[in-house]
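Model the placement of chain B on the given structure of chain A, informed by the hints.
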Amino acid sequence: MNQTIHLQVSNLNKTYRHGKQTVLKDINFTAKAGECIGILGTNGCGKSTLLTLLAGIQTPNSGTIHAFYEDATTSQQPVIGYVPQENPLIEELTVYDNLKLWYSNSPLQLDKELEEGSLAMLSIPSFLKKNVKHLSGGMKKRLTIGCALACNPQILLLDEPGAALDLPCKEEILSYLKSYKSAGNIVIIATHEEPEIALCDHIFLLRNGTLTEFEYNGDLNALLKGMS
Amino acid sequence: MKLFKTYLKLEYKKALQSFPTILLGTFALFCVTVLLLFSWQTQKKEHATSPAVIGVATEKDEPYMDFFMGLLKNMDNLKNNYTFTLIEKEQVSTLLKKKEINIAFLIPKNYISSLIDGTDEPIVLRFSGSDPSITTLMMRQLSEAVSSIMLETEAGIYTMNDYYAIHRLPNQSKDERNLNIKYINRLLTRHSIFSIETLEAEQGLSYTEYYFTVGLLLLLLSWGLLSPSCFRPEKKLLQLKLAQSGLSIPLQFLAKQLACCGNLCLLFLMLSLILSLVAPLLPITILQQTTFVEWMGAFLPVLLAIPLITAFFHVIYELIPDLVAGVLFLFISILLMGYLSGYFYPFSMLPNSIQNISHLLPTRILFQYTSGCLTKSFSLVALGKLLLTTFILELIALCTRMYRLEVTR
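Order-wise, the sequence lines are chains A and B. Numbering (the numbering used here) for the first sequence: 1039 to 1266. Numbering (the numbering used here) for the second sequence: 1075 to 1483.
Here chain A stands alone, though its shape is the one from the complex (with noise of 0.2 Å):
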């Protein structure tokens, strides 16, 4: 990617039942190309809210989410790609026909990501014909990846990627973000995980339905702290 991607998200507000319950207040923040930023706040503070908006799979009652190239040539938008909690795929079919869902605009491209690309990194072709209900949460999460990385995102949205996985999953799963990061891309991650919050830039807190940011410096009791 030559162009520099930026984010730009401001004055977002969510609300439910008719505005009885709000759950996002005036977010405001700003990510630049090669950037990782966290979400962090407790269960049910409104994180995966934030990141549908983002996605747009919802829609916010006001604000903007504005994602361009700063030096743009063209009117052309960056591509989010977004990967949920909960993995959106088609569990009575095998893993390749779920990609070809997703890449059915190019299927040429998704031999070529399955032979070196992002596929490759996230180790899906070996186990490629097998159904998505026979495979564990980590094989589900990888794929739930590369589906979403089927458009060539440059914004990544992650939902809690390492919730329930094991070790040498979640360490695949981060050197994978670790590289998509320093190709320029924007990731942006809701998370609870040490390892993913080391990774990083920038930490904004959400609570009581506001973004606020803050600066971490490995210090979990602070963050906490910060949290509750």
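Don't take every hint at face value.
Capping the alpha-carbon separation at 27 Å, the derived lysine-lysine pairs in DSS-like fashion look like this [to be verified]:
no., chain 1, residue 1, chain 2, residue 2
1, B, LYS1087, A, LYS1138
2, B, LYS1087, A, LYS1178
3, A, LYS1138, B, LYS1079
4, B, LYS1134, B, LYS1183
5, B, LYS1171, B, LYS1147
6, A, LYS1058, B, LYS1310
7, B, LYS1310, A, LYS1138
8, B, LYS1083, A, LYS1138
9, B, LYS1079, A, LYS1171
Since the hints were made in silico from the structure, they are not lab data.
Frame of chain A, contents of chain B only:
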């Protein structure tokens, strides 16, 4: 368009996975049905050749028993199915236990005299309890017969009493006894005590056609229970992600409908072909009589009913997406709607108010169309109703899906 094509192919592949389950389930259901029909048929034949034995238990010196036995033996409606034999009261329990008799009539002492005097005690019917069908049938037939005799006798006695009282005539008691003996004699010479009326199963349908149509529809409806994963909507997040990628919710819905419908159509064509070839060869009378069901003429038009069946499943699974709850809800819906559509007994037996509502049910519309196809009385009106209902159900299913996703957003 590429995404739609891929999604359609994958949905069809997913639907095809339910093929073995449906085939196995259908085969199991078919085997059970054939076994039941065969045993029912055999049982019917056995009953026809060996009627149920009824023991008439009395005191040793009970008067008029030759008249009573003659009355029972001459009842035309009973004599093909039941044999009456005179036994002693002490033998009843032993003979019932040994199953030498199926039912015992325990006649009270001096029954005929007490009947004439009007001080009669009821006849006790004692069953072995092992055959509920005989019990029910016997109870109905005999209680009707006895009530009829009692009522007529009592009416005669009261009329005669009144007549003797008004005119102050002598020898009332003697004449009453003579009159009753004459009445019993008249009963003995009767050819028929009962007349049986049978309701038609459905307007213009024979029982074979009726049962065959219902059986076929219940089988088709059971496919929704056998393959819930085929009809259930995808995870909300997957639907939303696909919508974001350019495959709108109505298009996703259309792909699913086409895949499921195509799969069921293929299954139906295959099974109906097998059925039309195998059914006449099986030793089951009702299936041998189904020669009216030809594959080309009768089964092929039924194919148009498959979209309605698929739409019905879609509505149920869109309303209740949970697997277990959805299957349970579908099962209850089939039973309830089948009940209200006359699947389990003649439709004409339902109250008129319910019949009017039932005409709106998809199961009733399915029955009308399918029975028309199978009996080659194809009706365009029935087809129109079928297509309209399919469209309405699909619309309900789609709106439910859209509403659910909109709430999420």
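Structure-based check of all given hints:
no. : hint                     : result
1   : LYS1087/B with LYS1138/A : 13 Å, holds
2   : LYS1087/B with LYS1178/A : 20 Å, holds
3   : LYS1138/A with LYS1079/B : 11 Å, holds
4   : LYS1134/B with LYS1183/B : 10 Å, holds
5   : LYS1171/B with LYS1147/B : 24 Å, holds
6   : LYS1058/A with LYS1310/B : 23 Å, holds
7   : LYS1310/B with LYS1138/A : 20 Å, holds
8   : LYS1083/B with LYS1138/A : 11 Å, holds
9   : LYS1079/B with LYS1171/A : 23 Å, holds
The structure agrees with every numbered hint stated previously.
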